[in-house]
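Asker: If you read the protein sequences in the order shown, they are chains D and G.
Residue 1085 is where the first sequence starts when you use this note's numbering, and the numbers rise one by one after that.
Residue 3 is where the second sequence starts when you use this note's numbering, and the numbers rise one by one after that.
Since the hints were derived computationally from the structure, they do not count as laboratory data.
All C-beta atoms, glycine included, are put in the ideal place defined by N, C-alpha and C.
Just so you know, not all the hints are guaranteed correct.
To be verified - Calculated cross-link-like contacts (lysine to any residue; reagent style SDA-like; alpha-carbon spacing at most 25 Å):
no., chain 1, residue 1, chain 2, residue 2
1, G, Lys100, D, Phe1201
2, D, Lys1254, G, Lys252
3, G, Lys81, D, Asp1263
4, G, Lys214, G, Arg299
5, G, Lys73, G, Pro62
6, D, Lys1271, G, Thr179
7, G, Lys269, G, Arg299
8, D, Lys1254, G, Arg199
9, D, Lys1254, G, Gln53
10, G, Lys252, G, Asp288
11, D, Lys1313, D, Ile1226
12, G, Lys65, G, His43
13, G, Lys23, G, Lys73
14, D, Lys1148, D, Phe1201
15, G, Lys130, D, Asp1263
16, G, Lys23, D, Ile1226
What the hints assert, rightly or not - Just so you have them, the derived chain G footprint on chain D, three or more residues with Cβ under 8 Å:
no., segment
17, 1167–1180
18, 1281–1292
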Amino acid sequence: MKDVAFGQYYPVNSFVHRCDPRLKLFFLVAFIAAIFVANNFWALGACAAVLIAVVALSRVPLGKVLRAIRGVLILVIFSAVISVFFYSGETVYWKYGILCVTREGIFFSVFLIIRLFLLVICSSMLTYTTTPVALTDGIESIFHVHVLALIMSIALRFIPILMDETERIKNAQKARGADFESGNIFKRIKAIVPILIPLILSAFRRADELGDAMDARCYMGGKKRTKYKKLTFSWRDLVAFLTAAALVTGVALLRVYVGGM
Amino acid sequence: MNIVCEHLTYVYDKGSPFAVKALDDVSLTIAEGEFFGIIGHTGSGKSTFVQHLNGLIRLPSSKKKRYKPEKGEILPTLKVGEYDLTSRKTDFYSLRKKVGMVFQYPEYQLFAETVKDDVAFGLKNFSKGISKEETERAVGDALTACGLDPKEVAEMSPFDLSGGQKRRVAIAGVIVTRPEILVLDEPAAGLDPLGKREVMALLHRLHGSWCKTIVIVSHDMDEIAENCTRAAVFSEGKVVMCLPPRQLFKRTDELLSLGLDIPLVAKICLALQRRGIEIDCDFTADDFVAKVLALRRDRR
Chain D
1085 MKDVAFGQYY PVNSFVHRCD PRLKLFFLVA FIAAIFVANN FWALGACAAV
1135 LIAVVALSRV PLGKVLRAIR GVLILVIFSA VISVFFYSGE TVYWKYGILC
1185 VTREGIFFSV FLIIRLFLLV ICSSMLTYTT TPVALTDGIE SIFHVHVLAL
1235 IMSIALRFIP ILMDETERIK NAQKARGADF ESGNIFKRIK AIVPILIPLI
1285 LSAFRRADEL GDAMDARCYM GGKKRTKYKK LTFSWRDLVA FLTAAALVTG
1335 VALLRVYVGG M
Chain G
3 MNIVCEHLTY VYDKGSPFAV KALDDVSLTI AEGEFFGIIG HTGSGKSTFV
53 QHLNGLIRLP SSKKKRYKPE KGEILPTLKV GEYDLTSRKT DFYSLRKKVG
103 MVFQYPEYQL FAETVKDDVA FGLKNFSKGI SKEETERAVG DALTACGLDP
153 KEVAEMSPFD LSGGQKRRVA IAGVIVTRPE ILVLDEPAAG LDPLGKREVM
203 ALLHRLHGSW CKTIVIVSHD MDEIAENCTR AAVFSEGKVV MCLPPRQLFK
253 RTDELLSLGL DIPLVAKICL ALQRRGIEID CDFTADDFVA KVLALRRDRR
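Pulled out of the complex, with its shape left as it was, chain G reads as follows (with noise of 0.2 Å):
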């Protein structure tokens, strides 16, 4: 399923005093198959972005039955696969199913008294009827992708696990449902420097054998920089860049004064280069060493 998004703009509490426009004539593709990050510091509107893709916001011209458009206003398109949300006819709720979603701090919407039934609660929902033991099979695939082990966790409380295996339990009630499109917002944030290792280690696991695609919002340039294909920035709501890595993180005077950070490895580039070291990599550590090894082995 690609992503298709053109012209997309939404304004929070249009009308009153506390009118926000979140996303402005945003305009962004992400082909089936990728790992997409979405940069940008706090309210640029990535999150705002993710929420349309599954129809958790919804377009004005999906909810009323004849909208009328504003005067100059351009009608944005955004397909999801063969959905179309800009249609009132979508099924929103099959698109749930093949879209799943993980928010910020997902161990904060845990609810269940055993791990076993809060990751079973999507299965239930999206497929009624579903036997026992599917069921039990599902969840336990599930939590074994999560690197969790079923037979240990399974019947135990989601409150009593650490904050890591929390988010893992979370990450499992997302994606036992099989989407084909996972997105993720922060997924690693506020965890500690394994518990972060971990998630994203999980989240290449997951790439290509449980979603096709992934799409992460994350302030980590190191985690863009090591995992993803593409980047969008995004700046007051505006899409001002969309590039792999290795292009994305070179225009480092951009993105400084966006205000974000760059990747430790383009910092180490960017300190080697004031001292007349050019080193061309992709700003993935593995990569930064070969090209220093190889720049060594040719000087001596």
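If we strip away everything but chain D, and leave its shape as in the complex, we get (with noise of 0.2 Å):
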């Protein structure tokens, strides 16, 4: 459980904690559709470049960051063994039925492999730079939408919160012989119960809690709400922003020029 890297906050001070997390959203979407854009290996490695720039002024140390990957690894292989196989192309290396292995065929599963990389490893260094309150307040700044703002941060708050108590649950049936590690696929789907109900009772208990505190402080969804932080851009803001359309510009423009593979 401790490693699921998504919606954890890794808290150091640095550049890119500080930029402004509407920005940070903005530069997120753009790199994604930079990361889109690109059907060439220099376009990709211009990517692949900013986002290492990004996990360098972060100050996220390489092994938090390299996590993010372990949780998809699996699909991507899946994905790019998958792809190998079934990418028809000009020349072919070896062919079986329906199965054949190409050189483009291989190009494209290199390329899908680098591409899915980037973009988990992007969108888990806006979770690890970004604490769940600031994102939230982005993005109720973007969409002025309070009520989605709030289930969302509180969805966040919630995740280790729940880890934790999924922890402590799994310890308990440890405690009473209970095996998890062990066994077939179907036995340890089955070994998940013991943790599973006694965790989605303890979710339904905080839900109710959490909802009889704010309607004890009379909150009341919908009306205008002030901020008590106002989120201001900065010069840094700008450095992020001029970078991201670069890249996008750039991803584009060499998309036109140079081609694909």
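Now that you have both chains on their own, put them together as the hints suggest.
Answerer: Take a look at the structure:
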């Protein structure tokens, strides 16, 4: 459970941490757009270079960043293998029935792997460097939907709580001899039941308590609410904005002038 | 089974900005047959310590094949009976059968459809292939030992019981495998006075007859004074005192300066002391009353 990287904030003070959350969201969208517009290795390299710079500036240890990949590793390998065998191209190296390995197929799957890794690392960088509260403030300020932002911030806030709870329940069942590590997949799924039921019950209990606490403090959704901390743009955000703009433009130009692989 | 622990240190999230030293060079011995108390305020390391006892938290040397200690690191000793918890070869699974662990608010771990199934969970895990009749009998015994009537509750859903009953079902689910050592983290927390008394009475019944050794973690000093043979005081990951209650609660100033409470009887003794009356008792209500009556007799 501790391996889940998503939704975890890494508390250090850095250039990236101090950027405005709205800008980080914009940057993420622009970056994802750039990854998908990129259709040759030059463009993808440019994306990777920008991301490496962001990671370096954020002062989040590399181990943590790479941990984000681990969760999707199987998915990435699976899609890469599928595309190697099914992508049709001109330079055929090996062929058996409908399966074939081509030069284009290999290129395509390497491309796919890099793309997916960049995507995952970039999204996890957002949560590593932005507190859930800042993220919600950002979303709220962009979309002006208060309730949605609230739901999101509560959901994010509950991730670590429920993970702690899971750990506690897991330990308690382990103390009673539960075994989560051995056996085939069906056995393991069955072994999760003693964790899942107490966890769901506790989530409902917590939701009830939170609802009561909000009622007790006269929370009213949807009313015009003021902010304690106002978000402001700074020079950092200008730098980030220009980088994102340059990246998207650069990648688009490479697509037009250099073309595909 | 004796528990022997020397120089135990544990750091949560080692090497990250969240790193917290939860245990700092803890040395503690708990003999077989003791009713041992662990006191300390939140975050003093007591829960971390007890989780070592059944291998839920494992020492780094028991996880890695070739463990290289850091420079200046004192290698810990941790033995529970014949189990050496620093070794990689230890069978942690069978250790868990010998050391039962009841966590804080254990009623939140209940999950099965009936009380019977929930109590049988540990039994089915530890004694693979146990017959239906045997399971039934063991579950019945455990429920009875916990002061519940098997005929009445066995087929009920655990979620329909009262708070105190749920907790006793959870305790039954741990003692059903007949552990030699029973560890309980705040067994009476969050219960009403009656529920608290019932749980403590239950532990007394279990001690000796069912489990040889009992270790409880508690905030309630009266509980410790009334029940324990010895108690250790944890503070910031260190054991600062380890004494029988009779001597422990004489060190009132130290306990108060650690932010801990003292038993009600100790408070009364202190108030009497201020008026010049010395009473030397072991801080249980019975002993206190006996000493007060004796004093009155002497004065007449």
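Asker: Straight-line Cα separation of D/Lys1271 and G/Thr179 no greater than 25 Å?
Answerer: Distance of about 22 Å is within 25 Å: holds.
Asker: Take a quick look at whether G/Lys100 and D/Phe1201 sit within 25 Å of each other, Cα to Cα.
Answerer: Violated, at about 46 Å.
Asker: Does the structure keep D/Lys1254 and G/Gln53 at a Cα separation of 25 Å or less?
Answerer: Holds, at roughly 13 Å.
Asker: Holds or violated: D/Lys1148 and D/Phe1201, Cα atoms, limit 25 Å.
Answerer: holds (14 Å)
Asker: Between G/Lys252 and G/Asp288, is the straight-line Cα distance small enough, at 25 Å or below?
Answerer: Holds, because 17 Å separates the two Cα atoms, which is no more than 25 Å.
Asker: Taken at face value, is the distance from the CA of G/Arg199 to the CA of D/Lys1254 at most 25 Å?
Answerer: Violated: D/Lys1254 and G/Arg199 sit about 29 Å apart, past 25 Å.
Asker: For the pair we were handed, G/Lys214 and G/Arg299, check the Cα-Cα distance against 25 Å.
Answerer: violated (39 Å)
Asker: Starting from G/Lys23, check that the Cα of D/Ile1226 is at most 25 Å away, please.
Answerer: This hinted pair is violated, its Cα atoms lying about 42 Å apart.
Asker: Holds or violated: G/Lys269 with G/Arg299, Cα cutoff 25 Å?
Answerer: holds (23 Å)
Asker: Count the residues of the segment 1167–1180 of chain D whose Cβ falls closer than 8 Å to any Cβ of chain G, and tell me whether that reaches three.
Answerer: Our answer is that it is violated, as 0 residues pass the Cβ test (under 8 Å) against chain G, missing three.
Asker: Tell me if the straight-line CA distance from G/Lys23 to G/Lys73 falls inside 25 Å.
Answerer: Satisfied, since the Cα-Cα distance of roughly 17 Å is no more than 25 Å.
Asker: Given the proposed pairing of G/Lys73 with G/Pro62, does the C-alpha separation stay at or below 25 Å?
Answerer: holds (15 Å)
Going down the numbered hints, you'll see the structure goes against 1, 2, 4, 8, 12, 16 and 17, while the others check out.
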